[in-house]
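Undergrad: Listed below, chain by chain, are the residues.
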Amino acid sequence: MSHHIVELKDLHYTYPDGNAALHGVSFRITHGETVAIVGANGAGKSTILLHLNGCLIPETGTVRVGDFPLTRKTLDHVRRTVGMVFQDPDDQLFMPSVYEDVAFGPLNLGLPPEDVAERVTQALSTVGALHLKDRPPYRLSGGEKRSVAIASVLSMSPSILVMDEPTSNLDPKARRQLIQLLKTFEHTIILATHDLDMVLDLCSRTIVLKKGRVEADGPTRDILQNQELLNACRLEKPLQLQSCPICNPGSGMR
Amino acid sequence: MAKIASSFLDISYLDSLSCQQSSIHRLDPRAKVIATALYIVSVVSFDKYEISGLIPFFLYPIVLIALGDLPLVYLLKKILIAAPFAVFIGMFNPLIDHAILMNLGPVGISGGWISFGSIMLRFVLTVGAVLVLIASTGFASICMSLEKMGAPNSFAVQLLFLYRYIFVLTDEASRMVRARALRAFDGRGMGFTVFTSMVGQLLLRALDRAQRIHRAMRCRGFDGEIRVTRPLAFCRRDGVFVLGWSALFVLMRLYDIPQWMGERVTGLIR
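Protein sequences, first through last, are from chains W and A. Here the working numbering is used: the first sequence runs in plain steps of one and ends on residue 574. Here the working numbering is used: the second sequence runs in plain steps of one and ends on residue 276.
You may find that some hints are simply not true.
Here are the simulated lysine to any residue pairs, SDA-like style, with alpha carbons at most 20 Å apart [claimed, not checked]: (1) K154(A) x P432(W); (2) K453(W) x R211(A); (3) K557(W) x D517(W).
What the hints contain is simulated information worked out from the structure, not anything from laboratory work. Source: prediction; values computed, not measured.
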């Protein structure tokens, strides 16, 4: 199915304040892949994510989502295909109740009320948050807010899920539950994160960014074992790949 | 600041009251909004020296509080918080208006004091009625009903967002104040210049957040109109509520019931 494909070709972007964030980024993500975009702070992760569903329109280079290049005209189509989960759930949950928030997208798609109700119920039960449906979002815990934010995107049935730092501010158990949840999804998933242990658990492919360029792109296991590459990109081997400091003293991170 | 933060927590308590189930809570929000609006108009439309005619109007909030099972003491406290505004509005009346209008035994009461009392009475009635409305309906439902009744969509949405993000904004402000307090010693760093730059910071952060929220909304197909599924059904019970109360308000506005009752009682005694 070609509408699950995301392709960036030689993408450049300079912010209005003159900060050049991307210098020719190219990659192609195909149907069903789970891909992590990693890199140091300021490497360009968020800028790429903002391009994936048209919050930013490419200046030079192209972004293709499915069969359409991203332009102002195809914006609606692209936004229907790509669901974006923002880093701060408070930015995403703006309606007075959880139910209304999850219904916001489907209602804007113009679906009839019965379909909206069905989609909301389904999205909320997928993330295990159906019991929260009448609560106001500002009184949920961090983990609950994250689940609801994901549901609010799932209810639009996107083919591609884009997430910015999905595990930030979550307690270890909530983080684990989120990882298990994402494993069950059949969507194409694109994550920007610093949580390399999650990347190891979840993503088969990793794209490493450095100063607005793709430094490496390949199977996660190879990339996260490449100490030299990780050092050069201000990253660290995931804890799971480091040997135990108690059993094997002196072998920890240097 | 802790005080401000906790009083905002209190707002959410007011909102949580609206989740109860009672005959008042089950009424259509529009019915309550219309009745409250009529109530406020009739209370405010009295002459400036009126006191006795206002007394019967206590009936409306009292009945709603009783039927809606709302905490009276809590609502009274909320009214007290807003009281200084009304006091400042009426404060100069006793100073300016010295004409004696009434005598209680040897004490002459000036028109200024009477109009001051009238202002305070109206304040308690109107603010009380609005608090009862919010506690029995919920802020979001009020916004939605305003929109359904033909208020401009953007107005209803602004109100809704104001309410949604006031919690986030106070959180942010109280974090900033705490951060400053932790690094300010001997009163240094607590001055006005720091305060002004903090207010500026808060504005910039709010603008940033507004942009992120707008992005999140656009990503989910927002096109300027908020659609809601909340079903509103105006049934006969709501009609009776509105008609009954508005008839009573008109009656209480046109006839001075305490005076009439007083005359009947004195007539009987004679």
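Undergrad: Next, verify each hint and record whether it holds.
TA: Structure-based check of all given hints:
no., hint, result
1, K154(A) x P432(W), "holds (19 Å)"
2, K453(W) x R211(A), "violated (29 Å)"
3, K557(W) x D517(W), "holds (9 Å)"
The structure does not agree with numbered hint 2 stated previously, though it agrees with all others.
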